[in-house]
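Engineer: With chain A held as given, fit chain B onto it using these hints.
Residues per chain, in single letters:
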Amino acid sequence: MSADVHRSIEALWRIESGRLIAGLARVTGDVGAAEELAQDALVVALEQWPRTGVPPNPAGWLMTTAKNRAVDLARRRRTYQRKIVAVGRDLESRQHDGESGIDDALDDHIGDDLLRLIFTACHPSLSMESRVALTLRCLGGLSTTQIARAFLIPEQTAAQRIVRAKRTLLRNEVAFELPTRAEMDDRLAAVMEVVYLVFNEGYTATAGESWMRPELCEEALRLARILAALVPDRPEVHGFAALLEFQASRIPARTTPSGEPILLPDQDRRLWDRLLIRRGLDSLARAERLASAPTRAGAPPAALGPYCLQAAIAACHATAVRAEDTDWQRIAALYDVLRHVWSTPVVELNRAVAVARAYGPEKGLAIVDGLVADGALGGYAQLAAVRGDLLEQLERWNEAAAAFTQAAAETRNGREREVFLDRAARLT
Amino acid sequence: MRYLVLLRGNQPAEQPPAELMDAIMKLGEEATQAGAMLDNAGLAPSAMGARVELSGGSLDIVDGPFTESKEYISYALYQVKSKEEAVEWARRFMHLHQEHWPAWEGESLVLKVFGPEDFAPPA
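Chains as they are written, first to last, in the numbering used here: chain A, 776 to 1203; chain B, 6 to 128.
Extracted from the complex, chain A is given alone in its bound form (with noise of 0.2 angstroms):
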């Protein structure tokens, strides 16, 4: 029976505990010490309710435990004095109105402090290894342990991560609080910048590797889903959102039972997840609403960012039932735009293949050209990878399997060094 508690506990855990901290961080103003009171009421909920039962109530337990543990610690440590007076004068204040006075304190607050605590934990000062450590310990809910065995590092090194990241929060005195409206925009991509990070992570894993992996892209998005509901305002967290979804959508197809990974254009599409694909037109559609209402007078109208056109590019896969229904012309088209907004040369060589595919190899094979002769992706596998299946295309046989074979060499993939090597042998 112990161990039935203990799940629910846990399940608990992954429900509350960031609300809880979120609560607590706004009383404290440090999110280190509310990520610490949180963990010792969890410890206090462990001992007790195996043998109490879970109280009918258990977020407001948990809070309430926690600040009478913090005024506790203040008898005991008097560095945290300033603290948790202010914890107790909070948990005063709210005794007078009795319980259900706590509820709706939290309730008022909860949306607005669970959103300070993710900018928090995405905080720019931060380091991204120690960002991704803290918003997964504080949002996600995740244990040392679990972080560690996500990101394959010793449990020390990950435990180091979420100390130095409270140690870096409390020396530049980071206050615990919503960004301006002025830094809003770039505090968002910091936030997504971490979101994507742990997608990717888990993303570009293949089986066989971590079985926590595939884990890492739930919690991702889940996070993008908390994001999209507590900054509904904001068309580019509605895309970032989609573009997760969509991705997500073709986990099922990405690899064979062996593990190794399948391409887009090879994939079974009937196993592509159609609810991860509809939620993602939702959120989509949300941002191009956004994106093209009306705004104030004298503002100009909001274009659509980065992660919407990269969405807005996974939905042009994800609605084709066939690889050869694909709108290329589309994806050509709204590369176009990304590449204003998002000039990097993958993106260039991203629109060369759609070019390609939509008007032509030689058309593509003049992008290409272009960023061959720029350098900036001098030694990435993938130009020269695209520029052999060009020039294949063109029949321009000797330069195709020069270009393969380059690949072959330029790639540290073991696998991908095969496959453009025996292209490269088909051709000569």
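What the hints contain is simulated information worked out from the structure, not anything from laboratory work. There's no promise every hint is true.
[Stated by the list, open to error] Have a look at the derived ranges for each label pair, beta carbon to beta carbon:
hint : chain 1 : residue 1 : chain 2 : residue 2 : range
1    : A       : 946       : B       : 31        : 31 to 41 angstroms
2    : A       : 932       : B       : 20        : 54 to 64 angstroms
3    : B       : 62        : A       : 1050      : 48 to 58 angstroms
4    : A       : 918       : B       : 31        : 23 to 33 angstroms
Note that CB positions come from ideal geometry on N, CA and C, so glycine has one too.
Structural biologist: Using the frame of chain A, we list chain B on its own:
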């Protein structure tokens, strides 16, 4: 992993109290805000539906209503990490009924949706 929660119960004569509907909407928002709610909707009474039966080797189409069994009232599809999480959401949902409409009786079926985790080789 995903769980489907099906609400089933007797269809009473009176409408559910407004406070219950408000509370249900709020819980739905919470689940969405927690990134756990994938899809949910109310289900019309069986009078508006039909049943396609296979029995004794033959197919039979029967129009609703189906008075011999409980009515399906709503569904919710959750994305969760464990069965306990899905059960907790269902418990909160039923608790709202208990709080705002104690005279009503019914059940929430918590059904696991088969997913890749059920077919993957053990870790």
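Engineer: Against each hint, give a clear statement of whether it holds in the structure.
Structural biologist: Comparing the hints with the structure gives:
{"no.": "1", "hint": "A:946 - B:31: 31 to 41 angstroms", "result": "holds (39 angstroms)"}
{"no.": "2", "hint": "A:932 - B:20: 54 to 64 angstroms", "result": "holds (57 angstroms)"}
{"no.": "3", "hint": "B:62 - A:1050: 48 to 58 angstroms", "result": "violated (34 angstroms)"}
{"no.": "4", "hint": "A:918 - B:31: 23 to 33 angstroms", "result": "holds (30 angstroms)"}
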